[in-house]
Amino acid sequence: MVVNNAGINCSGTAIDVVLDVVPLAVLRICKVIFPQMATRRSGIIVDLGSVAGEMYVFLGTCLL
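For the sequence shown, the UniProt record's numbering gives the first residue as 1, with consecutive numbering after it.
Calculated directly from the structure, the hints in this document are not laboratory data.
One or more of the hints may lead you astray.
As the list claims (entries may be wrong) - Here are the in silico distance ranges between beta carbons for each label pair:
{"id": "1", "residue 1": "Arg-40", "residue 2": "Asp-20", "range": "26 to 34 Å"}
{"id": "2", "residue 1": "Gly-43", "residue 2": "Val-22", "range": "16 to 24 Å"}
{"id": "3", "residue 1": "Arg-41", "residue 2": "Asp-16", "range": "35 to 43 Å"}
{"id": "4", "residue 1": "Ala-38", "residue 2": "Asp-16", "range": "30 to 38 Å"}
{"id": "5", "residue 1": "Asp-20", "residue 2": "Ile-45", "range": "16 to 24 Å"}
{"id": "6", "residue 1": "Thr-39", "residue 2": "Val-17", "range": "29 to 37 Å"}
{"id": "7", "residue 1": "Val-3", "residue 2": "Pro-35", "range": "15 to 23 Å"}
{"id": "8", "residue 1": "Val-21", "residue 2": "Arg-41", "range": "27 to 35 Å"}
{"id": "9", "residue 1": "Ile-44", "residue 2": "Val-21", "range": "33 to 41 Å"}
C-beta atoms are modelled at their ideal positions from N, C-alpha and C, and glycine is treated no differently.
Let the sequences and hints guide you as you build the complete structure.
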């Protein structure tokens, strides 16, 4: 099992860093682990995402 939970939030010129971490990291990890899963004919890939970095958080709760 692989759980992809990489993510960061920033703006401006740092968007390249965000794009490198979020979607590309997921693709790189899947590329490495998929051959092993194919050999076993079994496996689970879980991708997690969040918009919490874009929302106001009050007392640990995201407010939409």
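Tested hints:
Between Arg-40 and Asp-20 the Cβ separation comes to about 30 Å, which falls inside the hinted range of 26 to 34 Å. Judged by the Cβ atoms, the range 16 to 24 Å given for Gly-43 and Val-22 holds: they are separated by roughly 22 Å. A C-beta distance of roughly 38 Å is found between Arg-41 and Asp-16, which places it inside the suggested range of 35 to 43 Å. For the pair Ala-38 and Asp-16, the beta carbons lie near 32 Å from each other, so the given range of 30 to 38 Å is met.
The hinted window of 16 to 24 Å between Asp-20 and Ile-45 holds, with their beta carbons roughly 20 Å apart. For the pair Thr-39 and Val-17, the supplied restraint of 29 to 37 Å holds, since their beta-carbon distance comes to about 34 Å. Against the hinted window of 15 to 23 Å, the Cβ-Cβ separation of Val-3 and Pro-35 comes to about 18 Å, which satisfies the hint. Here the CB-CB span from Val-21 to Arg-41 is close to 31 Å, well matched to the stated 27 to 35 Å.
Our hint of 33 to 41 Å for Ile-44 and Val-21 is violated, since their Cβ atoms are close to 22 Å apart.
This entry does not satisfy hint 9, going by the numbered hints stated previously; all others are met.
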